[in-house]
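Peer 1: Since chain A is already given, all that's left is putting chain B with the ligands on it; use the hints.
Here's the letter readout for the chains.
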Amino acid sequence: MISFRVNSKQVRFDGDADTPLLWVLRDHLQLTGAKYGCGIGQCGACTVHIDGKAQRSCVLPIAALANKSVTTIEGLGDENGQLHPVQQAWLAVDVPQCGYCQAGQIMATVDFLQKHPRPSDEDIDNNMSNICRCGTYVRIRDAIHQAAKLMQKGEQQ
Amino acid sequence: MTAPESADWLASVSDKDVTDPGRRRFLITGATAAGSLVLGLPAGGEAFSSSDAAENRTRQIGFFVEIAADGDVIIGSNQPEIGQGVRTALPMLVAEELDVDWARVSVKPMPLGLLKTADGYTWKYGGQGVGGSTGLTRNWDFMREVGAIARQQLIRAAAVKYEVAAKRCTTRPGYVISDDLPRDIPYGELVKTAAALDLPDHNPVLKDKENYRIVGTRQKTVDAHDIVTGVARYGIDTIKPDMRYAVIARSPFLNGRVKSFDDTAARKINGVLKVFKIDGPEPGAPYLILASGVAVVATSTWAAIKGRKALQIEWEPGPNATDSTDAFWQQNEEMLKGSGQIVTDDGQYESAIETAHKTVQRSYQIPFVSHAPLEPQNCYAHVEKDSCHIVAPTQMPGGASRAAAAVTGLPRENIHIDISRVGGGFGRRLSNDYVAEAAMISQQTGWPIKLQWTREDDVRHDFYRPGGLHEMRAGLDETGKVIAWTQRLASASKHFRRPNKPDDGLWEPELYPDDFPRRIVDNFRLEYFHHPIGLPRGSWRAPAHTANAFVIQSFLDEIAHASGQDPLQFRLDLLGKDRELEYDGHGGPTYNPGRLARLLTFVATQIGYGDKRKKDRGVGLATHFTFGGYAAHAFEVSVDDAGGLIIERIVAAIDCGLAVHPQAVEAQLQGGTIDGISTALGLQITVKDGQVQQGNFDDYPLLRIAAIPARLETHILPYDDVPTGVGEMGIPSAAPALTNAIFNASGIRIRNLPIADQLKKARAG
Ligand code: FES
Ligand code: FES
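Chains as they are written, first to last, in my numbering: chain A, 1 to 157; chain B, 1001 to 1765.
All clues stand as given, with none of them false.
Just a sample of chain A residues kept apart from chain B, beta carbon distances all over 10 Å, derived:
1. I50
2. D78
3. N80
4. D111
5. K115
6. K149
7. G154
Short derived list, chain B residues pointing at chain A, Cβ under 7 Å:
8. G1083
9. S1300
10. R1455
11. R1704
Please keep in mind that the hints were generated in silico from the structure rather than gathered at the bench.
Predicted, not measured: the structure shown is a model, and the values here were computed from it.
The C-beta atom is built at its ideal place from N, Cα and C for all residues, glycine as well.
Isolated chain A, as found in the complex (with noise of 0.2 Å):
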């Protein structure tokens, strides 16, 4: 039995330690917003947070879990409903297009901000890697470096 935090709230799973979390979330927890991609960590498609740094949830076994913290793109926003800045900026800019990449392209972006928060576009190539099958990377890069103003404004306020 392992027991973590989903999104804020307390969670248990009781079935294989080798499942990994991706597929707790989807089949178990019944939050699909983290996708399946590849499976082997090359994709990006299953990005979550764990204690807030972003992790492909298709390579991290359940045992993993224990005692952390897990927020995906379900619990992204806050409690009322607010989109965080990175969503809005993914708004303003319309970036999907099929739109199965997303999820994972945001969840990895809130991670990269916190590190770089006003990010070159080196700094983008050097850590971005998720996998866009449809080609909206021209629209994550504006998305990236609008969401990085949007939330230095939100800092200064």
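Peer 2: Chain B with the ligands alone, transformed into the frame defined by chain A:
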């Protein structure tokens, strides 16, 4: 086993066994219990008599447009959304003609609608299916007419209610207006009256382009909020009560079979419920599913995957056990030494090439590639005694219903298909093999199941873009003008195990005879050699255009260089002025090479084609006509001494006639460009010992953001007032513009795709 949903781009879009009832004639109106006006197509088979009460009629309406008493508008979206923006663009057309504020519109996905008729089936909500970039063009008139009829109905309602003349009334967004009316009347106040009126039997008047308020404006993707908050539902997100999870261990050998298997260990895995064999098709026979295998059904996806890993399966490698792409490429060369099927032969090719002042000959190789949509194949199926429910990410819901019917033996009218949002299509989901598999497993177990493909399943069991070797030859006169042209292609035809396809028609999906420069070069010949291989083939975004544009646009560059001409001017001379040339294939009946010339000039100017550049920097151009739309690319790249490639800048331009939803047009152009370079740089599927060698994104490396230049500019060049499709136009000219730029920068000519490490090797000498 019966014929599959054809993966043929167009044949399947037109879904031949479903007839079109002449849609507008069947539009009817009614009112909902809440008092909304509904305009739609009859959901029952029978016609309605005008004496039926409006409320009675409504219950039988296949929902389409609903106008609520508060003025809110809901528009049904009948087409699969695969990221092309159709769920936004089509409702924009309705809203435009209805004359409402886009902000008041919400969009609701609709299921597949099929009606049984005396001799087959007819569409309930208009034809449903997306492929060949036709989603918008096929519905352009219909959607506008639906909106215009609803508007007309509201005007007539105002006229009746206020006893004024309908012809003296018009609308502004959301209101019927007239000097004769006491005030501007909100649509909401008119819905009840409108619902009780019969529809007029004459065609509505459609707006002129000048009066558009929504079409051609930048609108946000309808489902964007759901996507960024993680609540958008894709097929893979389907969860139903008592649902079990299934995976299949499929034969790794092309056309291999399960010889025997031992499931002792698999059954011991926690959560594994059932394990059983799935018979595949006979090798070479038309397929419903692709491969023989063993299904594992479990209480969770992970348990099913673990159970599959624990299976001991002995495979019968079958007739393609020694197939390899290495041998395929060698044999192509052998084949081209002989003579093939002449499929087009204009003028006097032989004598023209013999008497030519100069000839140029080159060969180009196009690899097999996989679709790899980011959402792997999956399907929910619940087969019961008399009915079946399917939720599938599919481009062809009609094909999904056919596949489920073939497997279960149920009549199609008893098969309910819900179309989920789709995590990428690219042509992969024109085939519904995964729907057939899911229906089989549900029927066999009696359970509602969700079949999940892993990424490895997806990459190894695809309908790949056909690989081929193209031999090009051109003859020039003294002035450098091309007077003779031939393309000789040895390839594995996309027509893979299709029933009723004669051998002499296998060339049809591989060579589109009317492509440029036919009818411009007088002596023109196309020759085809079909080269079978066990690897399944299908429609991959813009099918043969991706191969042929690369070949033709590279060869033009090579001819220009070989004859001392400037590659841009040489192309412009060939393309010539505006005029319509016959084009029999999809996208015809004519095309205008002048529109290509205009785009080419535009991108060349934008990128500074004639500018002096540093050593190791270069620019390259290409343009292509794809399924009715026109596009061009200019690339600027640098290649360093070690063969390191940097794409510095890309200018892409599209002429799609009228851009209905410019936001999506740009997205498709960006995405197509990136798909083009991603594929050209690193992607190919190879076969060894009868097995596909790639399996996941580690060995099938889709591009990531770092490889995409920050300077990727897209431009829409408007033309006329009718839209063309946009989903595929952005891809074909990207790769040749890139490799032409590489040549300009480095002197290295890429003739075989993917580029992979060819530059490094060439630099290393
Ligand atoms: S699904 Fe986890 S990285 Fe691809
Ligand atoms: S939007 Fe389709 S994969 Fe990124």
